Every structure is written in C-alpha cells, then in structure tokens.
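The whole structure should be built from the sequences, with the hints applied where relevant.
For the protein sequence lines, the chains are A and B, in the order given.
Sequential numbering from 1 applies to the first sequence in my numbering.
Sequential numbering from 309 applies to the second sequence in my numbering.
Worth flagging that the hints you see were computed from the coordinates, not collected in a lab.
A few of these clues could be false.
[Stated by the list, open to error] Under 10 Å between C-beta atoms, here's a sample of chain A residues computed to sit facing chain B: (1) L16; (2) V21; (3) K213; (4) L215; (5) I225; (6) K229; (7) Y297; (8) W299.
[What the hints assert, rightly or not] Ranges of calculated distance between the beta carbons of each label pair, as one might list FRET restraints: (9) A/P35 x B/I367: 38 to 46 Å; (10) B/E391 x A/E31: 56 to 64 Å; (11) A/K44 x B/I483: 56 to 64 Å; (12) B/K667 x A/D272: 42 to 50 Å; (13) B/A492 x A/A205: 40 to 48 Å; (14) B/I574 x A/Q28: 29 to 37 Å.
Source: prediction; values computed, not measured.
Glycine included, each C-beta is placed from N, C-alpha and C at the ideal position.
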Amino acid sequence: MRELKILAVVVFFTLLTYIGVEPFAHSQMHEHIEPVDYKYSDLKPLNKKGDPKKGAETFMNAGCVGCHGVKSQGMAAPMDPVSASASFGVMPPDLSNAGAIYDEKFLANLIKNPAHALMVEHKFNDKRPFPMTAFMGLGGDLDQEVADIVAYLKSIAPKKLDDKQVFIDACGRCHNVKYDKWTVIGEKPKLETDKQKAEFNLKLATYEENLKKYLGTTPPDLSIIIRAKSEEHLMNFMGEPQRVLHGTAMPRVGVTKENAEKIISYFEKVGDRKKDERESVTLKIILYFVIFTIFAYLWKASKWRDLH
Amino acid sequence: MAHFSKANSISEWLDQRLAIKTLWKVLAAEYWVPKNINFLWAMGVVLMTMFTILLVSGIFLLMYYKPDVNLAFDSVNYTIMQEVHFGWLWRHMHGVAASVVFLVIYIHMFTGIYYGSYKQGREMIWISGMLLFVTFSAEAFSGYMLPWGQMSYWAAQVITNLFGGIPVIGPDLVIWIRGNFYVADSTLTRFFMLHVLLLPLIIMAIIGLHFYSLRIPHVNNQEGEDIDFDYEAEKYKNGQKRESKVIPFWPVFISKDLFVVGVFMIFYFYLVGFHYEFAMDPINFEPANPMKTPPHIYPEWYFLWSYEVLRGFFFDVGPFSAMDIGLAAFGIANVIFFLLPWLDRSPVVAPAHKRGAFKYWFWILLIDMIILTVYGKLPPTGINAWIGFFASITFLILLLVVLPIITKKEAKSVGGAA
Ligand code: HEM
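Shown next as structure tokens:
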C-alpha cells in the first residue's frame, strides 16, 4: 500500500537523522572509558588480619579523633564545620560509618598515605601538604596497626545504611544538594527569622569560600545531577574521577561498588522524584490515545466508505 | 436595522446574528480538499495540534516560571519539576513538543517540495509557511534560553555573537540584542518577553495568513493534477461522491487527519514519558556557568544543518576570513528556501518521481541536509571539517545552481511538447 510505503520512507529518514545526532554523535564526542570496577587494584592489599579490640586503642592513639568525630561512639567532632574549613579547607567527615562505606583495601591505604589513595597527589606536595596527615605507626608493625584500625572501624559501623547517609558521609562535605535541603555544613535547619537566615548564610558562604580555596573550584550542587549525567558516567566518575576528567580536583572517594549504587539511587530519589508518576501517567495517556485512534479510524472508515 | 424574528434554538439565534451556518460552510463543511492525497497532507493539522499543545503547556509553565538569572533554573527544575502537581508533565510536553514540531515542519516542507506545492499559484502558501519556519525558529531559540542551564547560556552567547559579524553595525547590534555587553539578566528578560508574548502573537497571525493563503489555490494532490474545484464540488454535493475528485474538509478530510493525529500522539507521548533526552538535553540540567565553557557547544538538532553551513567554511579565501564566508553562507541558507518558487524555473507541478532530474535533486538535497545535521553536532576537526565543508558547498550549489538549471531544462521540454 502506498501510504505504508511513504510511512516507511519517512520513518527511515527520521531514524537515520536521530541515530546520527544522538547515539552516533555522542559516541564521537565522548571518548570511550573503560568502566571502573571498584576493585582498587592499583592499591596494595593488606595481608594482615586486623583485631578490632586492639584497633580501638590504636585508633585513639593514632590521633584520628584530633580531626574527626565518631558520633556513634560518643565522640563529637573537635571542630564545627566552619572552623574546620578554616584549618583544613574542608570538614573531616564523621567516621561512625566509615567501615561500612569505604572499601577495606582503600581505607588501609588511605590511612597510610591519604593523598595517594585519594589520587590528589598532583595537587599536594611538601610545600602544600595534604590536610589529613599520614599515619606513621605507633612503633609496632605498621601494617598490623593499620589493619587493626580498619577492623575497628568495621566493627563499629552499622550493618545497614540508608542511601542518603552514604551520600552525606562520602560526598556531603563538598557537595550541596539544595533540593533536598542538604548543605556542605549540614542539613539546612528551619530558619525562622531574618537574623537566623543571615547567620546561616554567612556560615555557609564562609565554608564555601574556604572549600573553594582548598579545591581550586566550587564543587557543583548535585540536586539534579541524575538528569545531567548518565548513570554510567556517574559510576565511573565516582569510582575514579581522574579517569573521566583528567586533572580534576575531585578526589577518588573510595566507596564500595554497593555504596556507589546507593548514592546513585539517592540521586534518583532527589533529582528525578516524579519518575514513577511520570511512567504510570504517561502510560495512561498513551492508552487513552490508543483508544482515541481506534475510534478515529472507525470514524474515518465510515466517512470514506462511499468515496471509492 | 435588520429584521430579527424569534429564534427557536440557540444555533438559530446565533445564526441570525453571526451567520454561523454560512461561516461553518465556508470554513469547513464546504471547504474542498482533493480526494487523492495521502497522510502527508495531515501534517498541517498535526502541526496545528502541536502548536496548541505548546500554547497550553506554555501557559501552565508561565504560572510558575521566574524570568531572573538567579531564580529561573530552580523555578523550572525544582518548583515546576518537583513541587507543582503535574508540573513535570507540562514541562516534558512543552520541551518534547518544541523539538518534535520541527520534525513535523521538516516533513511538511519536504512534502511541499516533493509534490511541487510551492508554485503555480501556491507561492504565498509557501512564503507564509517559511515565515512560520523562521518565527518558530526564533520561538524555539528564545525558549531554550529560559531554563538558564549551561546550554541556554552558551547557545545564547554563541548565537548572539554571530550578529557581530554583520558589517559596520555588528558590534553595536550585539549589545542592542543582549541589552548588555555580555549575555546577562537583561538578555534573559527580553527573550522571555519575545518567547511568551511577541513571537506567539506573530505566529498566530502568520498561521491565519497561511490558512487564508490556501483558500484560492487549494491544496495540491498526489499527482499534481489541476482540479476544477467548483465543478467537482457540485458533483459531490449532488451525491456523486465516488466520481467527485474532492472531499469536504469537515467531516471527511478531518476524519482521516484525526486518525493520523491519534497515531502521532501515541508516538509523541511515548517520547514525553520515556525518551525525552533528545529534546531536553542533559547538559541543560546543569545551571548556567559563565566561567565554565562546555566541551561541546551545539544547537538543538533542528538548527544543526544551518549551523554546519556556518562552520563549514573553516579557512580564509583571499581577503575573506573563514568567519565572514561562513556567516554569509549561513545567511543565505536561512533565506534560500523563501526563494524556492523562483529558483524552480519549471511550471510543472508533479510529484518528484515524475520529474526526471528533479527526483534525484530532491533525494540528494535531503541526504545532504541530513549529513549537515549530523556533522553539525560532531566536533569540527580533521575529516569532519572537510565533510562539513563539502556538504555545505553542495547545499548551496544544489539550490543556487543545480535547481535553476534542471528546472529550466524541464520547462523547455514541456514547452516543446505543448
Ligand atoms: C508550524 C506551523 C504550520 C502550520 C500550523 C501549518 C499548517 C498547514 C495546514 C493545516 C495546511 C493544509 C493541509 C496540509 O497540506 O497539510 C498546510 C499546507 C501547506 N503548508 Fe503549512 N503549516 C505550517 C508551517 C509550514 C511551513 C514551515 C511550510 C514551508 C515553508 C509550509 C508549507 C505549506 C505548503 C506548501 C502547504 C500546501 C500543501 C499542498 O498544497 O499540498 N507550512 N499548512
């Protein structure tokens, strides 16, 4: 039938154009990146078995709590975010959940040489040392002590973490998510008076200025990052930022693959919260038009019957 | 004063005062359309449907949108997309319709070219159609700026900059268009005004003109046959529906159009809910940042072919810089289709497959424009730059040189036969 032939031609050229400007053009514009496997195979594995009990002691003596809080163990952060940002450029994250969030091997390497594990050696040197000091050991076997600290952190970490908590601990010190009221200095409280608002904004602005000085750039708000970047891009970027964006100021955060997926699901929840509604409502509209089209066809058939 | 008798129904009452029965006859029930047409003739009604969707969804968006560089992005991406009930639906419908409408416009235009519906009395239909194309382009460009995302900003930056290439007045013109020395709040607010007020008004007026221009020549048909509409209409009214070559707009023509519209709506809503990235570019979900140039700046897909003609001339020739040549070619590309009825020197109105060389010309033009579209998006480096260059040259030669020559020949051959 002629109409169907014409339709085939129209569909063919439409698809050709579509494939050209979308999948094809994008394959040409973005260089191919080997997917990041979250195995951290560039880092040396820990061959020691850690003891959480000894680790508790080592942890206290290692000085971690001089900078970090461990709220679940009743240890508040030594500094509030704004003062911490003045000293370090950024707030050292609370370590209550660290054992569950970070990859074990990564964590051990981080303690021994933070800038290396975080892949930010290109930005720091002896003149400009990385703010988190490397753990030099307490005189015993360094690897054993490190393994003990890691075992301790794992022992105090909760078994289950919700998606947002993972995001807060791993990314929340650098990134705002303003559509979910998250700011780099914490959950945005209810601000009643103009004075409270001004005070809060001043704190936030101070922190952000220090953060920018520290990183050389302001990390983007991630509220709708899920609409701006593909899941694949986000997984690769989180797993190894340097592989995706060479020379970037964002550190390799070192989360496990499972947690990376949790972070993505958090992004989906805040950045695309109407997804379920979108899919179900559109399906209903489509169904409506299927019925509409059937009736339109019957009407057409009745009007055209006596024309030929 | 005219004499009014008591009316027995509302329609009679109205008819006495507004002659609605006559009006309906003139506009629909006795507005004659050839019978020998295919679904491509439904594209006009599809376009009207899309325009209505754009207008209605736009009005809903307007209730929450804030034209201010500090508020625009969040008013769209938070208030409308996340807070307002079904705000996401209106936005997706608006964004996808704005893109798909161009697909339909291109199908509509190429249909006109294929069947020769732009000449022999149909010049004004074609010109008013081209005016719609140009105003729709301006409407799309101004609308794309409103969410104030990365591509909103950078496309505005690049495109407004183009006007700087116009001799003498260029630099001042750029400032005048932007309302500032750089793309700023004043730029956003004036494009907002254009998008929601001035351009829609102009478009509605031109749609009226476009429809009016159809009345005297009537629409063309699949064979390009010259139909005596009065004679055929009489036949139809006398009950010789089978023999008559025409059908009334209402209800016969529209019954088929509604079916086509229905099929199209299924496709359209599939895109709205499940496949919208092509129309709502992910990069525009990053807020505008004048300090961060995106690695690739490209316009929406429907502007790519003319954008590639602009970029195609990438080397200087004698005293002319690449930029100037590109800009001149771009200027030509944007107005050349207005001249189509006169670049085609032949009086023959027939589908392309019955027009010898014209048939090849048509398909080569279509493929060349698709090549331009694809390469308009690719980075213009290495071989890509050369392909873009040759495709641009080909485009200009096809329209300015080849078309007049082959149609002149055609005119001679039919002149000889007659
Ligand atoms: C977006 C706004 C437009 C609307 C709402 C619109 C609407 C229509 C309608 C309802 C018809 C009659 C039925 C048909 O043949 O489809 C028509 C015919 C036509 N339009 Fe458009 N149109 C638009 C844009 C254009 C453009 C951009 C062009 C090309 C430059 C164009 C060129 C034509 C031609 C040549 C015809 C006559 C077709 C024939 O005689 O077979 N229109 N238009």
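A/Q28 and B/I574 - C-beta distance against the hinted 29 to 37 Å: Because 32 Å falls inside the window, the suggested range holds.
Can the hint on A/I225 be confirmed by a CB-to-CB distance to chain B that is less than 10 Å? holds, 8 Å
Double-check A/K213 for me: the hint is only fine if its C-beta lies closer than 10 Å to a C-beta in chain B. violated, 16 Å
Does the nearest C-beta of chain B fall within a distance shorter than 10 Å of the C-beta of A/W299? holds, 5 Å
Using the nearest Cβ pair, does A/V21 come within less than 10 Å of chain B? holds, 5 Å
Check the following: the C-beta atoms of B/A492 and A/A205 are separated by a distance inside 40 to 48 Å. Given a distance of about 23 Å, which is not inside 40 to 48 Å, the answer is violated.
Would the hint on A/Y297 stand, with a C-beta cut-off of 10 Å toward chain B? holds, 5 Å
Min Cβ distance, A/L16 to chain B: is it shorter than 10 Å? Where the cut-off is 10 Å and the nearest Cβ of chain B is about 6 Å from A/L16, the hint holds.
Hey, does the A/K229 contact hint survive, CB to chain B under 10 Å? Check passed: Cβ of A/K229 comes within 7 Å of chain B, closer than 10 Å.
Are A/K44 and B/I483 spaced within 56 to 64 Å by their CB atoms? Cβ of A/K44 to Cβ of B/I483: about 60 Å, so the range 56 to 64 Å holds.
Satisfaction of the hinted span 42 to 50 Å by the C-beta atoms belonging to B/K667 and A/D272: holds, 48 Å
Does the nearest C-beta of chain B fall within a distance shorter than 10 Å of the C-beta of A/L215? violated, 14 Å
In the structure shown, a violation is registered for the earlier hints numbered 3, 4, 10 and 13, in ascending order.
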